[in-house]
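Student: Chain residues, written in single-letter form:
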Amino acid sequence: MNPIIWLIPVLPLLSFVLLLLFGRRLKEASAVVGSLLTLGSLILSVVVFMGQWGGASVKQTAEWLAIGDTVLTVGYEINPLNALMLVIVSFVSFLIQVYSKGYMHDDDRFPVFFAYLGLFTFAMLGLVISPNLLQLYIFWELVGVGSFLLIGYYFYKSEAREAAKKAFIMTRIGDVGLFIGIILLFWQVGSFELDAIFDAVTAGDISQGWITLTAILIFVGAIGKSGQFPLHTWLPDAMEGPTPVSALIHAATMVAAGVYLVAAMFPLFEASEAALTTVAVVGGFTAIFAATIGLAQADIKRVLAYSTVSQLGYMMLALGSSGYVAGIFHLTTHAFFKALLFLAAGSVIHAVHTQNIHEMGGLWKKMKWTAPLFLIGAMAISGVPLLSGFFSKDEILAATYADGRFGLFWIAVIATFLTAFYMFRLFFLVFTGESQGKVKKVQESPGVMVFPMVVLGILAVIAGYINTPVTPILDDYLAQNPYLEIHHHESYWWIPIVATVVSLFGIFMAWLVYAKKKVKRLSEASPDFHFILLNKYFIDETYDYSFVKGTRGFSYFWYYIDRFVVEGVIQLVTGAVGWISKTSSKAHNGQVQLYGSVAFAGMAVLLLIVAWLGGYLT
Amino acid sequence: MTLEKLLSYDWGIMAPEFTILIVATLLSLMDLFMPNKTSRKPLALLGIAGVIIAIVFSVLQIGTEPTSILFDTYRFDAFALAFKLLFLVATGLILLLAIDYEGEREWEFRGEFFYLLLTALLGAMMMASSADLITLFVGLELLSISSYILAGIRKNNLHSNEAAFKYVVNGGIATAITLFGMSYIYGLTGSTNLYEISEALTNPAVEQNAFLLVMAFVMLLVGLAFKIAAAPFHMWAPDVYQGSATPVTAFLSVVSKSAGFALILKMFLITFLSVQGWHNAIILELQPYIAVIAGVTMVVGNVVALRQRNIKRMFAYSSIAHAGYVLVPFVSLSLLVFKMTWFYLLAYLLMNIGAFAVIQFVTEKERSEDFTAFSGLYKRAPWVAVMMAVFILSLAGLPFTAGFIGKFGIFMSSLGTGHYVLASVMIATTVISYVYYFNILVQIFFRKGEVDRLLPSIGLLIVMIICGAGTIFFGIYPGAAYDFFQEFDMNELFIK
Numbered sequence: 001m002n003p004i005i006w007l008i009p010v011l012p013l014l015s016f017v018l019l020l021l022f023g024r025r026l027k028e029a030s031a032v033v034g035s036l037l038t039l040g041s042l043i044l045s046v047v048v049f050m051g052q053w054g055g056a057s058v059k060q061t062a063e064w065l066a067i068g069d070t071v072l073t074v075g076y077e078i079n080p081l082n083a084l085m086l087v088i089v090s091f092v093s094f095l096i097q098v099y100s101k102g103y104m105h106d107d108d109r110f111p112v113f114f115a116y117l118g119l120f121t122f123a124m125l126g127l128v129i130s131p132n133l134l135q136l137y138i139f140w141e142l143v144g145v146g147s148f149l150l151i152g153y154y155f156y157k158s159e160a161r162e163a164a165k166k167a168f169i170m171t172r173i174g175d176v177g178l179f180i181g182i183i184l185l186f187w188q189v190g191s192f193e194l195d196a197i198f199d200a201v202t203a204g205d206i207s208q209g210w211i212t213l214t215a216i217l218i219f220v221g222a223i224g225k226s227g228q229f230p231l232h233t234w235l236p237d238a239m240e241g242p243t244p245v246s247a248l249i250h251a252a253t254m255v256a257a258g259v260y261l262v263a264a265m266f267p268l269f270e271a272s273e274a275a276l277t278t279v280a281v282v283g284g285f286t287a288i289f290a291a292t293i294g295l296a297q298a299d300i301k302r303v304l305a306y307s308t309v310s311q312l313g314y315m316m317l318a319l320g321s322s323g324y325v326a327g328i329f330h331l332t333t334h335a336f337f338k339a340l341l342f343l344a345a346g347s348v349i350h351a352v353h354t355q356n357i358h359e360m361g362g363l364w365k366k367m368k369w370t371a372p373l374f375l376i377g378a379m380a381i382s383g384v385p386l387l388s389g390f391f392s393k394d395e396i397l398a399a400t401y402a403d404g405r406f407g408l409f410w411i412a413v414i415a416t417f418l419t420a421f422y423m424f425r426l427f428f429l430v431f432t433g434e435s436q437g438k439v440k441k442v443q444e445s446p447g448v449m450v451f452p453m454v455v456l457g458i459l460a461v462i463a464g465y466i467n468t469p470v471t472p473i474l475d476d477y478l479a480q481n482p483y484l485e486i487h488h489h490e491s492y493w494w495i496p497i498v499a500t501v502v503s504l505f506g507i508f509m510a511w512l513v514y515a516k517k518k519v520k521r522l523s524e525a526s527p528d529f530h531f532i533l534l535n536k537y538f539i540d541e542t543y544d545y546s547f548v549k550g551t552r553g554f555s556y557f558w559y560y561i562d563r564f565v566v567e568g569v570i571q572l573v574t575g576a577v578g579w580i581s582k583t584s585s586k587a588h589n590g591q592v593q594l595y596g597s598v599a600f601a602g603m604a605v606l607l608l609i610v611a612w613l614g615g616y617l618t
Numbered sequence: 001m002t003l004e005k006l007l008s009y010d011w012g013i014m015a016p017e018f019t020i021l022i023v024a025t026l027l028s029l030m031d032l033f034m035p036n037k038t039s040r041k042p043l044a045l046l047g048i049a050g051v052i053i054a055i056v057f058s059v060l061q062i063g064t065e066p067t068s069i070l071f072d073t074y075r076f077d078a079f080a081l082a083f084k085l086l087f088l089v090a091t092g093l094i095l096l097l098a099i100d101y102e103g104e105r106e107w108e109f110r111g112e113f114f115y116l117l118l119t120a121l122l123g124a125m126m127m128a129s130s131a132d133l134i135t136l137f138v139g140l141e142l143l144s145i146s147s148y149i150l151a152g153i154r155k156n157n158l159h160s161n162e163a164a165f166k167y168v169v170n171g172g173i174a175t176a177i178t179l180f181g182m183s184y185i186y187g188l189t190g191s192t193n194l195y196e197i198s199e200a201l202t203n204p205a206v207e208q209n210a211f212l213l214v215m216a217f218v219m220l221l222v223g224l225a226f227k228i229a230a231a232p233f234h235m236w237a238p239d240v241y242q243g244s245a246t247p248v249t250a251f252l253s254v255v256s257k258s259a260g261f262a263l264i265l266k267m268f269l270i271t272f273l274s275v276q277g278w279h280n281a282i283i284l285e286l287q288p289y290i291a292v293i294a295g296v297t298m299v300v301g302n303v304v305a306l307r308q309r310n311i312k313r314m315f316a317y318s319s320i321a322h323a324g325y326v327l328v329p330f331v332s333l334s335l336l337v338f339k340m341t342w343f344y345l346l347a348y349l350l351m352n353i354g355a356f357a358v359i360q361f362v363t364e365k366e367r368s369e370d371f372t373a374f375s376g377l378y379k380r381a382p383w384v385a386v387m388m389a390v391f392i393l394s395l396a397g398l399p400f401t402a403g404f405i406g407k408f409g410i411f412m413s414s415l416g417t418g419h420y421v422l423a424s425v426m427i428a429t430t431v432i433s434y435v436y437y438f439n440i441l442v443q444i445f446f447r448k449g450e451v452d453r454l455l456p457s458i459g460l461l462i463v464m465i466i467c468g469a470g471t472i473f474f475g476i477y478p479g480a481a482y483d484f485f486q487e488f489d490m491n492e493l494f495i496k
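Chains as they are written, first to last, in the working numbering: chain A, 1 to 618; chain B, 1 to 496.
Source of the hints: derived by calculation from the structure; they are not laboratory data.
Watch out, some of these pointers could steer you wrong.
Examples of chain B residues lying across from chain A (beta carbon under 8 Å, computed) [unchecked claim]: (1) V169; (2) L306; (3) L398; (4) I432; (5) V442; (6) L454.
Chain A residues, not near chain B, derived (Cβ > 10 Å throughout) [to be verified]: (7) L26; (8) E141; (9) P267; (10) G361; (11) G447; (12) I466; (13) T471; (14) D476; (15) Q571; (16) S581.
Note that beta-carbon positions come from the ideal geometry of N, C-alpha and C, so glycine has one too.
The whole structure should be built from the sequences, with the hints applied where relevant.
Tutor: Structural data, given as structure tokens:
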């Protein structure tokens, strides 16, 4: 056993236990304990990650349980993919804990919050290093428990309680699919070990039908965890949790677990064209669907939540289009810029005490650090050239195109436009214009909150350079996996140009619409905007009739589909269960005569069936 | 029977039973001669000591060759021992609960509670060890009649009276059906000994009347389904569980139910399999009925539990649902049946008695059995709340708990033998069960309640710690229990 590896998840677990036991005495020093232990995990993860460059996969298992002839094992496995995930998870977790020291300051249950963060980080790291599906499933559930506790952290708010419950139950629906998939795979292969499964797939021991079925069932689990349509409704509600939690769990790590799962099981998916198409279509649809909803939200965190759903859709689309590297690449860059956006949003909320973007405005000058950092995040996610999101999104578009999924390709392009538009709508409404807020004296957040944002801001800019067409570092790194064939598709020179134009157009539209007062003033000062001034009326009208009304209508359309059709189906199922429950609990009315009659009736029915099936009646 | 013959039996195999019998007799005598206004609680300590001695005897017996005495009516084998150990541990924990039970006025001056618990235990132990329809029935009735009195022991409490009355009437129906089924079996095979019945099944005269035999066993199954509270023969359970004192409820839902399972396993597997091996036509014919009962039980238990507000009633339905889960391994006929059932019953024992310890603690402090009594428990007694969370998560079957391992094993065995429908029902109803289990957790952790701190008494605390530690230990390292179970060679059951 290599202590460097197993200590990675154990350190946050230690933090959880220590803070539960001594939290009350440590008070705010809990943050230091939690952060330092997570920093330990981070350092070890980096060491492990470094070892994976050119190094071989490491796997260690020990026997856990024997049922009949089946031996179940526990242990760990390190390969290029999960070494990268280890770094991302421990890194973001560390930064979030530092940030939370400032954000959660003065909270009564400060140590409990850090204890929960420790538990969650433990579960997430444990999930990543699992060498078999059963262990992965167990940690998968534990991650869900951590998320449940953190969403419901403000339990005195009924919305938070409801959201926690909803998140848990909705993701559980996906988990049932995952579980059945795992069991069926086990039944086919006779093992939970990932490499045994991949060997069986490569050797053709499993029929095509079973591969497709199990891959889709596993994908159902990923749909639940990664908030893909139609199991996405819990994610926006989960924003009731504290903002650092949203950044850690509902942006950078847990929701990415679904994408990770598909990536980790990629050899299975790759063996079935139907499964890949399912992943691509669900991902592509979610990408545009969530982006349109994002246009109409007024709560800053909800916009970011829908944006997360949409970006996760992109990742799924990439994986479904055989763009393994593209999906992982976007997962990495997204972890940085989305965590940055959430932390910046948290910083804004911390300062103005509201989440409604219509009550903000004019914060650019008041928040000297947060505002530019938010801008960097917004530019990165929109795909502004040379920032990280530009490169990873580009990869996804190229992969989709190369895979011949032209319809999904154009959907992804439109979603790029929408992404740029809603992000900059947010930016302009929050940071430019006149202050609409009640809090007049806005203060920048303390250094302990700004520092993590600066680090993430730098990464949001540079993380893209790990895999540009010129420097395909990530490509080479991930290609070390023996079970994978990395498809090197040709690069299309026009795709980056289209993407850039589309995203800049989106930003431009947002600017026209939400910062247009500024347009006026600028137009007087600068002749560069003369052209815009001339067309102002026209664009305004066009925008108002075609764009705003159109997209708003479209957006509401999907929103209502979401609220009434998707939730309706869910309501129907719960309603049916409720009805059965109600009717049959009425039958337990306390009358002994009835109890006896039911029992006799039950026995009579059983005996009649016996007689009938046995042919004794004729 | 001559005295010589009587003395020649190897009475040593009944050491645990004798211990319990002697302690129960001692307790009843002491109760008789104690002054009226003296607390009877020390009697419970004596009872616990007796149970511990019986456990020591049983553990020493591990590995002993199968023996039978009293004209093969009473049998010692690994099967009996494995189940007796479960009953003993469970009863010991329940006696600890009972010490701290604060009943009505003058409750502490009532000693019969403790020795009735022991006679009921004795009945359960007899059921595990009998090899004859007559001794099986005597054991069953000893358990049942003691339980009827236990259910009604709070004689000034209307609910308790109602519980006892309903239990007696329903129990009477069950007994009648069981006996009727047994009489058919005796009539057809001419024997009451399970092993002789098994031999008689290969007799052509009996084979010709196979349909009567199937009928007889269906009736037997129905009668025993009452004992384990499987649907549709479960309707007494909610009223009885709700009306009884909490330790009695714990006893009924754990010991009485496990004994029912031991009896079903024994009766069906010995008679059908000891001569003919694992592929007997009649048991294959009976399988679908057991599967249907298991499915219906899981659905009814979990779905109706959704609407319960009374915590004990909710746990009654939860316990019905668990009976459904435990019936599932019966349809996968292999030696795994014993392992899965035994482990699940062990897990169920730990998590359910633990949960009842917390329920007893909370309902007594709050003087309410509504599930809102749990609100804000995390603030008032954080460790108790955490323990309850462990029990609930285990009952719901989440990882890192014994409940998960138990459910997982059962699920795997049903999938492995191709019972997909049953496996799906199990998963679907498990998901439904999350709703009511999590409602309790929401009350405990997310609702505001009273603010004063609560401290559990020492007995309850011990029960909670033992059960909590066991639930987590067997959840992380189930190998310990499985290895222990390997000590018991279940094939002994089939050797006459």
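Student: Next step is simple, just say for each hint if it's right about the structure.
Tutor: Verification of the supplied hints:
1. V169: 5 Å, holds
2. L306: 4 Å, holds
3. L398: 6 Å, holds
4. I432: 6 Å, holds
5. V442: 6 Å, holds
6. L454: 18 Å, violated
7. L26: Consistent with the label, A/L26 stays out of reach of chain B, its closest Cβ about 16 Å off (over 10 Å).
8. E141: Not fine: 5 Å to the nearest Cβ puts A/E141 too close to chain B.
9. P267: 24 Å, holds
10. G361: For A/G361, whose nearest Cβ neighbour in chain B is about 35 Å away, the distance exceeds 10 Å, so it holds.
11. G447: 34 Å, holds
12. I466: Non-interface label stands for A/I466: nearest chain B Cβ at 35 Å, farther than 10 Å.
13. T471: Holds, because the least Cβ-Cβ distance between A/T471 and chain B comes to about 42 Å, which exceeds 10 Å.
14. D476: 37 Å, holds
15. Q571: Its Cβ never comes within 10 Å of chain B, the nearest being 14 Å, so this holds.
16. S581: Not fine: 4 Å to the nearest Cβ puts A/S581 too close to chain B.
In terms of the numbered hints stated before, the structure departs from hints 6, 8 and 16, listed from lowest to highest.
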